[in-house]
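Q: Here is how the chains run, residue by residue.
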Amino acid sequence: GAVVSQHPSWVICKSGTSVKIECRSLDFQATTMFWYRQFPKQSLMLMATSNEGSKATYEQGVEKDKFLINHASLTLSTLTVTSAHPEDSSFYICSASDTSYEQYFGPGTRLTVT
Amino acid sequence: GQQVMQIPQYQHVQEGEDFTTYCNSSTTLSNIQWYKQRPGGHPVFLIQLVKSGEVKKQKRLTFQFGEAKKNSSLHITATQTTDVGTYFCAGRFNKFYFGSGTKLNVKP
Chain Z
1 GAVVSQHPSW VICKSGTSVK IECRSLDFQA TTMFWYRQFP KQSLMLMATS
51 NEGSKATYEQ GVEKDKFLIN HASLTLSTLT VTSAHPEDSS FYICSASDTS
101 YEQYFGPGTR LTVT
Chain B
1 GQQVMQIPQY QHVQEGEDFT TYCNSSTTLS NIQWYKQRPG GHPVFLIQLV
51 KSGEVKKQKR LTFQFGEAKK NSSLHITATQ TTDVGTYFCA GRFNKFYFGS
101 GTKLNVKP
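Keeping their order, the protein sequence lines are chains Z and B.
Quick note: the first sequence uses this note's numbering, first residue 1, plus one each step.
Quick note: the second sequence uses this note's numbering, first residue 1, plus one each step.
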């Protein structure tokens with residue numbers, strides 16, 4: 001149980017385009033979903049926290065207009081990287097949490113902006 | 001600002017040797033979680049510690065939470081090659097702050 005999927009697993013896009021990443025909790029209802037960014041050989045950096053049906057809470061330094069987060073249902077959250085640039089290339093990981101304290105992580109999405 | 005420091009960054013051990021990674025916070029934490037990330041994989045939850053001085057064991061893994069709730073450690077006894085990966089702590093203040101991780105390599 002407690003499986004989180006992410007789609008796509010990897011994506012290459014051109015500079016200036018937008019990319020949407022989906023995060024789904026497959027067998028539980030996720031009241032909270034987290035979006036992280038992980039640079040090579042570095043730790044996870046929390047970008048934002050989203051609760052179903054409400055606006056996401058962004059961490060300091062994360063542009064909310066660039067990284068659009070939608071948590072429309074208890075099983076789906078999306079992250080849209082708008083007007084992507086090469087510096088946005090990274091590994092994006094979501095995690096989902098139900099009423100317990102555990103975070104269940106998705107497999108991650110590798111974004112490369114050319 | 002609030003951050004969680006984790007040491008060492010890397011650890012290479014011979015199979016059968018023990019391993020310890022440490023996390024330290026500048027602020028008292030409400031709880032701390034530990035995760036393991038295998039090479040090419042995603043973080044997997046190991047455990048959460050909440051109480052001051054708490055000690056929990058999972059087979060060969062021993063987790064401790066300091067009395068002041070500012071530090072924590074993960075100790076692996078008699079490492080095996082299956083223990084290879086990066087171990088992250090995540091301390092919760094008003095949100096989760098992830099440590100930089102300790103990458104463990106176990107030589108058979």
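If you are wondering where the hints come from, they were derived from the structure by calculation, not from laboratory data.
A couple of the hints might just be wrong.
[To be verified] Each computed DSSO-like pair below joins lysine-lysine, with the alpha-carbon atoms no more than 27 Å apart: (1) K56(B) - K95(B); (2) K107(B) - K51(B); (3) K55(Z) - K20(Z); (4) K36(B) - K41(Z); (5) K36(B) - K95(B); (6) K107(B) - K95(B); (7) K59(B) - K103(B); (8) K55(Z) - K95(B); (9) K56(B) - K36(B); (10) K66(Z) - K70(B); (11) K20(Z) - K51(B); (12) K70(B) - K95(B); (13) K64(Z) - K95(B); (14) K41(Z) - K55(Z); (15) K41(Z) - K51(B); (16) K107(B) - K70(B); (17) K41(Z) - K103(B); (18) K20(Z) - K66(Z); (19) K70(B) - K41(Z); (20) K103(B) - K70(B); (21) K57(B) - K70(B); (22) K36(B) - K57(B); (23) K95(B) - K51(B); (24) K66(Z) - K51(B).
Computed from a prediction, not measured in an experiment: that's the story for all the values here.
Q: Hint compliance check: list the failing hint numbers for this structure, sorted ascending.
A: Those not satisfied are hints 2, 6, 10, 11, 14, 15, 16, 24.
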